[in-house]
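2 protein chains.
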Amino acid sequence: MAKINDNYLKLPGAYLFSTVARKAEEFAAAHPDRELIKMSIGDVTKPLAPAVIKAMKAAADEMGTAEGFHGYGPEQGYDFLRSKIAECDYKSRGIDIDISEIFVSDGAKSDCGNIGDIFSVDNKVAVCDPVYPVYVDTNAMAGRAGDYVGEHWTNLYYMPCTEENGFMPELPKEKVDIIYLCFPNNPTGVAATREQLKPWVEYAKENGAVILYDSAYEAFITNPDVPHSIYEIEGAKEVAIEFRSFSKTAGFTGTRCAYTVVPHTLKIDGTELNSLWNRRQCTKFNGVPYVIQRAAEAVYSEDGRRETKAAIAYYLENAKIIRAALTEAGLTVYGGENAPYIWAKTPDGLKSWEFFDKILDEAGVVTTPGSGFGPSGEGFVRLTAFSTKENTIKAMEKIKAIL
Amino acid sequence: MAKINDNYLKLPGAYLFSTVARKAEEFAAAHPDRELIKMSIGDVTKPLAPAVIKAMKAAADEMGTAEGFHGYGPEQGYDFLRSKIAECDYKSRGIDIDISEIFVSDGAKSDCGNIGDIFSVDNKVAVCDPVYPVYVDTNAMAGRAGDYVGEHWTNLYYMPCTEENGFMPELPKEKVDIIYLCFPNNPTGVAATREQLKPWVEYAKENGAVILYDSAYEAFITNPDVPHSIYEIEGAKEVAIEFRSFSKTAGFTGTRCAYTVVPHTLKIDGTELNSLWNRRQCTKFNGVPYVIQRAAEAVYSEDGRRETKAAIAYYLENAKIIRAALTEAGLTVYGGENAPYIWAKTPDGLKSWEFFDKILDEAGVVTTPGSGFGPSGEGFVRLTAFSTKENTIKAMEKIKAIL
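So the sequences go chain by chain: U and P. Per the working numbering, residue 1 is the first one in the first sequence, and the count goes up by one each step. Per the working numbering, residue 1 is the first one in the second sequence, and the count goes up by one each step.
Hints were generated in silico from the structure; no laboratory data involved. Here a beta-carbon is modelled for each residue, glycine too, at the ideal position from N, C-alpha and C. Among the clues, some could well be false.
To spell it out: a stretch of chain U is covered by chain P in this simulated footprint if at least three of its residues, at any positions, have a beta carbon under 8 angstroms from a beta carbon of chain P; those stretches are [said to hold, decoys possible]: (1) 37-46; (2) 53-61; (3) 110-116; (4) 204-213; (5) 250-263; (6) 281-288; (7) 328-342.
Think about it this way: if two alpha-carbon atoms lie no more than 25 angstroms apart in a straight line, the pair counts; the simulated SDA-like pairs of lysine to any residue are [what the hints assert, rightly or not]: (8) U:LYS46 with P:GLU67; (9) U:LYS3 with U:ASP122; (10) U:LYS124 with P:ALA142; (11) U:LYS175 with P:ASN5; (12) P:LYS309 with P:SER83; (13) P:LYS46 with U:CYS282.
Full structure from sequences and hints, please.
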């Protein structure tokens, strides 16, 4: 008889964002007359840049002609896009990444999840707490996390990110094999400086660990001391895989394009992880739509850069508004300066869900409870800067009025 | 120290299609004056249908407006597309599939590969021989195939498809847990009738096995006795997962859209595989681009149907030309009547690669050696109907001239 992967049965049932959505729906149903503003989800709201639309439509027209039609493309992505990535995202920052080290994909979420395929089940995995749930759940599905007991998986190594350590995890006190890092961070919105990242690369080198570095939010970095890529740190090309995305950089959450960098110099027992990931992608993936890759290429054009940068500036302005308003309301806030996320401490020792309920019930504003990202997120809520400026201002006024 | 998934190291190095491509390139380099016609790859050549282009561009325009912008969509696909699939691909054939049983994805290759995530490593897997390599390789990567010894994986159960059995596999003589079936078949081009499929559904029911049914080529079916879906067989909704694709149906190989059906009635030990696959997709996938889903929806419009059916008819005409020419040349041919693939027996007892080389060297035509799809493919070559009519005719004249 067929057997299922019973690691799936160990996953806790209620998903954070679905619970948040349900509560918001219940509020809307109970109060049809009251306005509801969502400051909860990490989804962009501004339209795609005109340069991107133009490129996408031109590519669609190409696909309608015998000469311009594109069938199966390279699983790794077209060179026209990979060369732009190598040039604009890396070479321009003094980092030498070959296009054969770049794998274009349909999303950083897919890659963060699928990357586990190339690793043995027998690896000790370290994750931050609080953390983006995908890192944890995908390892649990693969059988790498053990059992879910209390609020922890028995085989994961948790690295608390708290007010005390400035939301910067401390180096593991025991040997770990795989380390997930995300900077600028989701959910705390805090970014690591070059100096703060260096010890991680050293740790990985000394312990033969691999760092899985999620820099999906690098476009929001404003501080020159904060690296956009982990490869800005010497030696990182020997220990780290980097995930990048057009989702937040260019509003591609519904357009789906990302990429993962696996340097040739990253080896385990002489085996290049690049060749394993290449094999994985060639066998289980068939590339990103041609029209989408042309759209992503346009992000690097002169118009595309100007237009997408304007959208990022817009969201960062929202983040500023949120920070200022919540501070004025007496809350302690973190993040939002190099990231689209603001991590706000709950007042009066309220639990995350208690403060979530208070803001929802009294102000009609939806946030995300920090405890949903892990036990160390207790006592915080996350707000995002992705709403419209108008709604952001309105939501802040409503929150200020109840605090 | 981090450990890799060493199942990857067991995979045989040279991939069939890359070897074919290399030989073709060598021929072209050695004979720059001679024409080279590829009848080898399973990739479409006709442009996207005008209705599809129109929908894609309209969706791109939407994405450029504040009101029409779409961020993250449902991981399972938009209901506008899922309802069209349920209505046109199933209900129209008397099959009741709920939209919650349909998962839109970026490709049948991705789904055929990723579906393994929800099954235990401890399952006995049966595959046809010859076979689409993705079924085998993805199971090998997951550790379900054992070791590669000779031309076989030690833990897989192979079902030979030979001239003697009309390329229809026989029911396993031992208990197997997961069975991959692909009809119309790649590479043999042979299709199973309803009567031929029935015993498989019965076997699966009796043995608690799950059938993974790849019907990526169903649009090519011309024989009314050949089912387009395994769910046309009574009881199949309790034992089978079905993979479908717009790749061949609507020329989407470079546009990337497919779907997988996991009925709620398919359960193992009381657990719905639908809920496992849903969890897998929600955790490791973020949906198909909005513009691509709108393009796929247009395949079901009146214009879209007419235009895509015309393309299928064009390819089937090519298949007819190939069948007639090779038969005239004295070869025994199979397939090509309900599929875009023609499975031709080599003359004079030639090995697959010997005949491949002969046709390449003497006629300048690229085929695919049958032995590359598995040991039982020895003594055959595969030709595809996806070239232009002009090139198909020319290639057949060249082959006839050397036989």
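| How does the coverage statement for the stretch 204-213 of chain U fare against chain P, requiring three or more residues with Cβ below 8 angstroms from a Cβ of that chain? | With 4 residues closer than 8 angstroms to chain P, the stretch 204-213 of chain U meets the three-residue bar; holds.
| For the stretch 328-342 of chain U, do at least 3 residues have a Cβ located nearer than 8 angstroms to some Cβ of chain P? | Since three or more residues must qualify, the claim that chain P covers the stretch 328-342 of chain U is violated, with 0 doing so at under 8 angstroms.
| field | Restraint check for LYS3 of chain U with ASP122 of chain U, where alpha carbons must lie at most 25 angstroms apart | value | holds, 21 angstroms
| query | Is LYS175 of chain U within 25 angstroms of ASN5 of chain P, Cα to Cα? | reply | holds, 19 angstroms
| message | Cut-off 8 angstroms, C-beta pairs, minimum 3 residues; does the coverage of the stretch 37-46 of chain U by chain P stand? | response | With 5 residues in contact (Cβ-Cβ under 8 angstroms with chain P), the coverage given for the stretch 37-46 of chain U holds.
| request: Sort out whether CYS282 of chain U lies within 25 angstroms of LYS46 of chain P, counting only the CA atoms. | output: holds, 24 angstroms
| message | With the threshold set at 25 angstroms, check whether the alpha-carbon distance from LYS309 of chain P to SER83 of chain P stays at or below it. | response | holds, 21 angstroms
| Would you say the stretch 53-61 of chain U counts as covered by chain P, given the rule of at least 3 residues with C-beta under 8 angstroms? | holds (count 5)
| Taking 25 angstroms as the top limit, are the C-alpha atoms of LYS124 of chain U and ALA142 of chain P close enough? | Holds, at roughly 19 angstroms.
| Per-stretch coverage check for the stretch 281-288 of chain U, three Cβ contacts closer than 8 angstroms to chain P | Held - the stretch 281-288 of chain U has 7 residues with a Cβ nearer than 8 angstroms to chain P, which meets the minimum of three.
| task | Given the hint that LYS46 of chain U pairs with GLU67 of chain P, test it: the Cα-Cα distance must not exceed 25 angstroms. | result | Holds - the C-alpha atoms of GLU67 of chain P and LYS46 of chain U are around 9 angstroms apart, at most 25 angstroms.
| task | Confirm or reject the coverage of the stretch 110-116 of chain U by chain P under the rule of 3 or more residues with a beta carbon closer than 8 angstroms to the chain's beta carbons. | result | With 3 residues closer than 8 angstroms to chain P, the stretch 110-116 of chain U meets the three-residue bar; holds.
Consistency note: the structure conflicts with earlier hint 7 alone.
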